[in-house]
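Asker: The primary structure of each chain is shown beneath.
There are 2 protein chains.
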Amino acid sequence: MIKIAIDAMGGDYAPKEQVQGAMLAIEKIDDIELTLYGDETTIRQYLTDDTRITIVQTDGVINMGEKDPISAIRSNRNSSMAQALTSVRKGENDAIVSSGATQALIAGAHILVGRLKAMKRTAIAPLIPTVNNTSTILLDAGGNIEIKPEYMLHQAYFAHIYAKEVLGVEEPKIGLINLGTEPGKGRPLDKEVFELFEQDDILNFVGNVEPKLVLDPPCDILISDGFTANIVMKTIEGTAKGLGTILKQELSRGIFGKLGMLLSIKNLKGFKKRLSAEEIGGAMIYGLRGVVVKAQGASKANGFYNGIRQAAQIVRNDVLGKVTAVIERELE
Amino acid sequence: MIKIAIDAMGGDYAPKEQVQGAMLAIEKIDDIELTLYGDETTIRQYLTDDTRITIVQTDGVINMGEKDPISAIRSNRNSSMAQALTSVRKGENDAIVSSGATQALIAGAHILVGRLKAMKRTAIAPLIPTVNNTSTILLDAGGNIEIKPEYMLHQAYFAHIYAKEVLGVEEPKIGLINLGTEPGKGRPLDKEVFELFEQDDILNFVGNVEPKLVLDPPCDILISDGFTANIVMKTIEGTAKGLGTILKQELSRGIFGKLGMLLSIKNLKGFKKRLSAEEIGGAMIYGLRGVVVKAQGASKANGFYNGIRQAAQIVRNDVLGKVTAVIERELE
Numbered sequence: 001m002i003k004i005a006i007d008a009m010g011g012d013y014a015p016k017e018q019v020q021g022a023m024l025a026i027e028k029i030d031d032i033e034l035t036l037y038g039d040e041t042t043i044r045q046y047l048t049d050d051t052r053i054t055i056v057q058t059d060g061v062i063n064m065g066e067k068d069p070i071s072a073i074r075s076n077r078n079s080s081m082a083q084a085l086t087s088v089r090k091g092e093n094d095a096i097v098s099s100g101a102t103q104a105l106i107a108g109a110h111i112l113v114g115r116l117k118a119m120k121r122t123a124i125a126p127l128i129p130t131v132n133n134t135s136t137i138l139l140d141a142g143g144n145i146e147i148k149p150e151y152m153l154h155q156a157y158f159a160h161i162y163a164k165e166v167l168g169v170e171e172p173k174i175g176l177i178n179l180g181t182e183p184g185k186g187r188p189l190d191k192e193v194f195e196l197f198e199q200d201d202i203l204n205f206v207g208n209v210e211p212k213l214v215l216d217p218p219c220d221i222l223i224s225d226g227f228t229a230n231i232v233m234k235t236i237e238g239t240a241k242g243l244g245t246i247l248k249q250e251l252s253r254g255i256f257g258k259l260g261m262l263l264s265i266k267n268l269k270g271f272k273k274r275l276s277a278e279e280i281g282g283a284m285i286y287g288l289r290g291v292v293v294k295a296q297g298a299s300k301a302n303g304f305y306n307g308i309r310q311a312a313q314i315v316r317n318d319v320l321g322k323v324t325a326v327i328e329r330e331l332e
Numbered sequence: 001m002i003k004i005a006i007d008a009m010g011g012d013y014a015p016k017e018q019v020q021g022a023m024l025a026i027e028k029i030d031d032i033e034l035t036l037y038g039d040e041t042t043i044r045q046y047l048t049d050d051t052r053i054t055i056v057q058t059d060g061v062i063n064m065g066e067k068d069p070i071s072a073i074r075s076n077r078n079s080s081m082a083q084a085l086t087s088v089r090k091g092e093n094d095a096i097v098s099s100g101a102t103q104a105l106i107a108g109a110h111i112l113v114g115r116l117k118a119m120k121r122t123a124i125a126p127l128i129p130t131v132n133n134t135s136t137i138l139l140d141a142g143g144n145i146e147i148k149p150e151y152m153l154h155q156a157y158f159a160h161i162y163a164k165e166v167l168g169v170e171e172p173k174i175g176l177i178n179l180g181t182e183p184g185k186g187r188p189l190d191k192e193v194f195e196l197f198e199q200d201d202i203l204n205f206v207g208n209v210e211p212k213l214v215l216d217p218p219c220d221i222l223i224s225d226g227f228t229a230n231i232v233m234k235t236i237e238g239t240a241k242g243l244g245t246i247l248k249q250e251l252s253r254g255i256f257g258k259l260g261m262l263l264s265i266k267n268l269k270g271f272k273k274r275l276s277a278e279e280i281g282g283a284m285i286y287g288l289r290g291v292v293v294k295a296q297g298a299s300k301a302n303g304f305y306n307g308i309r310q311a312a313q314i315v316r317n318d319v320l321g322k323v324t325a326v327i328e329r330e331l332e
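Chains as they are written, first to last, in full-length UniProt numbering: chain A, 1 to 332; chain B, 1 to 332.
Isolated chain A (complex conformation):
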């Protein structure tokens, strides 16, 4: 059995959607057991089945807009997030899924779960949609503003194994986000990473990739430093949001437009759904001694379920063990 800790109280619609997501997961996935951390009374309101479910009572929630995530975690050791993270450290669970505040989850994971010895920097790796109905791993959308090329190499190994074992891509390709495709483009960091990746035997490096192909990239993994990849992620988000607004403004013009829009409503929902982080799944935090999956803060049941599904698959295929073996072999 794969044991997964659920931070039931974290997220914009917690605990309702988290508990409902957990119910979906229990229904669809046979080899998991879930422990829900949170307020038992509230959780029980949404619990429709207690097969393979344990509830652990916790007190306090880390606020979504937490400005000082480290002290938020330190001063809320009995919160659902902190308790769920601690259970992974103690080996009581194999993984945790949370849609709580990202920075608090990253900080909490460092403090309470700990970093993999082999990886010097953790990374947060969301999945972004493609025009081909697949998804691309974006690295590092999280925190490492200044990073060494060799740490990026380790993150790339992680993504490589993740793409194989979780996304089912046989020969994952990786591209370096850059402002031109020719070798030698970009900042000193980009040039160094390019050389390092090109010489590497494990990675299938396709070279530089310009973000004008961001939703139709020639690879399964897009990598950059934590500043740039975060900017890319937020620009995709901002562009999608802005274009949605403009599309609505334009489509509803005139009587034919309104009628057309009415007929298209189901398809427009399909469009929205394909872009929703909900459907694609959570972001894994790479480089920890346990499996930590961050589901979107705005997750509804289905999105949260997708996060659980992902976490189960990461454990099932022993991604952490495989990554550690690869990096340790490389470091020898």
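Hint data in this document are derived by calculation from the structure and do not stem from the laboratory.
No false leads were slipped in.
Identical copies look the same in the list; a pair holds intra-copy or inter-copy alike.
With a Cα cut of at most 25 Å, we get these calculated DSS-like pairs of lysine-lysine: (1) LYS300 - LYS269; (2) LYS266 - LYS248; (3) LYS16 - LYS3; (4) LYS173 - LYS241; (5) LYS90 - LYS120; (6) LYS185 - LYS67; (7) LYS67 - LYS212; (8) LYS212 - LYS300; (9) LYS269 - LYS258; (10) LYS185 - LYS241; (11) LYS67 - LYS191; (12) LYS300 - LYS272; (13) LYS164 - LYS322; (14) LYS191 - LYS148; (15) LYS269 - LYS248; (16) LYS3 - LYS300; (17) LYS248 - LYS273; (18) LYS16 - LYS28.
With chain A fixed as given, assemble chain B onto it according to the hints.
Answerer: Same frame as chain A, but now just chain B:
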């Protein structure tokens, strides 16, 4: 009269669309005279009126995919782009509009027009659309991968004056592209720029802006270093392109979808039009001793006309003179 040099041979659809754009400009703008640089015979095929038009015969074109822009310019001194740039240096024209290869235009402008003494780094500043039907200046989408905060300050002054004089924004606001809104976010460069801008008397600095607001920003100017802003620009482009593809895939599903799409076709065109760089205008290259406007490579007549209109307005309102005065006063 405002005298504008037209690189008639540069661009994906040159010279046809460039000449037709010039014809539009002559028709709509009274105080301009245009000199078209290119192959006279071909140009004359599309010329419908020669009022305030001069043609200068040139030979050779800088290829759009030019890998080595500097030597392309040096070895094609008689090309339409090089000749048009040179005419600005000589004072024969006040401005140049080109939809030729961007890097060649930047390199050519440095070599043939020269840099403003007051500005240590040039910058390329495209306009991006907003959900409110206005546009935002994006800086520096061009070349300065490594840049000092004070050079970014000068670029910001330029954009400030440009927004006032060309876009007609009375009190232009400027935001720093960053991964969080709180002061202290980002790389060392971002922190330094933040402090510098905050203390500045000329700029209306709104602080850090996350690109999830990129099409609906709380400011008229978005600034970052040349690497980051270029990545932002290309991510917007890639997201818009990808979403367009996904939208088409989704909208055309089913019989109601197809019917709805038929009814919406005019509005979908309106949507596409609003996003088109065509409609918004060209990108000015800041920091040169003349007015250099880069129209999109894929410009059609209307897009090219918009570039000419912009160039005329920059000259009419003496943007260069005003920028130089401000920077020189600051440097004293």
